[in-house]
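Chemist: Whenever a hint applies, use it, and build me the whole structure from the sequences.
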Amino acid sequence: MNVPPRKNVLLAPVTVTPTKPLTPSHLKGLLWTDVMFRATAPLAAVTYRYSHTTYHVTEQTVGFWEYLDRTHGETDYTQLSEEEIGELYVRHRAEGRPQSAEVLRPYREAVEHGGWVHPASERMLRLWAGHYERLGMHDPGLREHQPPGLGLEEMVERLGTVGLVLDQRQCGGPVYLDLTRYGMPLRRIVTADGRPNYLACALRELLPLVPWYDEVVLLYDRELDADYRLLHRVLTSLGPPVRRVPIGRVPIEGKITSARHGGWRDHTAGALLRASDATDAAAGADGDDALRLGMRLYFIATLGPGQQQSFRHDLLRHCLTVAARLLRRSRSAAGAGDLAGALEPHRRGHAYVDPYRLACSLLGKGRPAPDPSLLSAVFL
Amino acid sequence: MTPFPLSSAALLKSAADRVRSARPELADGLDLSSAQALRTVRAGLHGPRTAPADEALAVVVIRRLDLPRWVCETCAFALALAPGEREAWRRSFTRTVYLAGSPANLRERFAFAHVAGDDSVAWAGPAPGAETAALRRLLKAFEAAHELTAQRSATVTVPGRPGTRPPAHRELYIATARVSVTGALVHLNHLLAEAVLDGLIGPGDRLTLRFVPRLTGLGAQLALLRVDTDVHRPDELQAYAALTTEV
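In the order they appear, the protein sequences are chains Z and L.
Using my numbering, read the first sequence as starting at 1 and increasing by one per residue.
Using my numbering, read the second sequence as starting at 1 and increasing by one per residue.
What the hints contain is simulated information worked out from the structure, not anything from laboratory work.
These numbers were taken from a predicted model, which means no experiment stands behind them.
Check the hints yourself; a few may be wrong.
Label-pair distances were calculated between CB atoms; the ranges are [said to hold, decoys possible]:
#1 A9(L) to V162(Z): 55 to 63 Å
#2 P345(Z) to A145(L): 53 to 61 Å
#3 D76(Z) to H232(L): 47 to 55 Å
Cβ coordinates follow ideal geometry from the N, Cα and C atoms, glycine included.
Modeler: Quick look at the structure:
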């Protein structure tokens, strides 16, 4: 029998900057990626690239660090909760004070040359690692030093060789990603005073990685669609098929707002985990298994790829109950044990497994009890 | 055109003459008697609410800037305009927007009126804004915040076969102190375009670019000035660029 060779698949989700608590929108993206990673792993050699190091140099993060040091001085961040650090971030964004490239330079240099992380973000990442553990999510190296393969200048040079960059720094201008020949708008990636944005960071990371893979999957917020279309076009020119998987945010009471404005109280990952502890499902024998499966059923199967439905505590609780029931049924099921066979139908012509289709396949009246090996490999 | 030396009266007259020649029908009703009055007039003429949608607008797409070459190509662009375009552009005070972009990447999608031989710069229009709206949506405003650095003086020859009059040689002075590269482009563009439209610059003419911190005390006989608000004194005028009489 001919066994097709396992493909090398790269999952490259947009990262969440460790400056504010994880919100339902963040959790959705993270759970979506986790299920995609774990469901694809039995079928392909899959790499989950998620480097905070790459994105620390963006203004959002180093700007926050400079604000903290300027306004708070010596502070024991190890005692602060993610909500308390998030409140500081909201205050920083509300301050709206422009920070020059010069002011941020020591912070960028510390990241670039020493892998330094400000204690506030270090604390945030430690707390997140705890959430990942509790939710059964694969930790892609939250607290590891994972520098991008290219320096900023190398990246600009690499784009220059394929005619995709417009570099006007010699007369005091910015650097642009230039895909205008494809009818796509010019996009600034480095400001005139030398500040890179997240797209510049993504290019530093992905340009050298992508040629090594047979398929690349970009997972990102729907709001970033215009930038990810550009990124998709650049990476496609390097060889492998690149798939875009936009994931809708989760509105809170009908509104999609950025975490920088706050408004996430009672909806942070920490708050949701605390609330779930009080549910019947969590109190049962399944404990964290029901929590893990229930969260995935809610954020993936129930909310789906769009962003129409606002977050609902009652629906999340309902999913935890459904999860506990599925787990009970699964334990008494025989289980064919054909994990690859169970996952294969959800690939649909690409190498990665579609998390939404897979999660939905567990639900619905008259469905057979889920195979325990599938649940433990992907959902628990 | 009578040659004149640089003086505050010359600055005011220059600025007022520019309004009169672009919009003669309005000039009689406007107060052009002082720098402050001129500023009010300019605000009224260029304000976003009053700029009509059919006003002629030129678009310059810049990939790389080499000032002497850009001076040459700007003249070539203005010289090639049809009479109707010249008239409309003059009436809009040779209004121009500067965008960052790579002409070579855009040529298939957009029809440019003129492209520099090395693809460093391209020109579209002058035309009503709608005609260049798609191009402007795709690109970003040209940013060049560096202060203009003085360069060695350079002489360029305006492209094209000389017409009925023999080629002339003039000096083109440019102020550099507290003038950004973008600012210098704006000043030079208006001066050169209007000099071409007025027949002061023609094919085959030679222009010697001279960079000075400020045009104060310029002994040369002047033919045309570019005047705007003084970098230090908002109520006064300053000459940012000047074209001399034949040397």
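Chemist: Take the hints in turn and mark each one as holding or not.
Modeler: Checked hints:
no. : hint                           : result
1   : A9(L) to V162(Z): 55 to 63 Å   : holds, 57 Å
2   : P345(Z) to A145(L): 53 to 61 Å : holds, 56 Å
3   : D76(Z) to H232(L): 47 to 55 Å  : holds, 51 Å
Of the numbered hints listed earlier, not one is contradicted by the structure.
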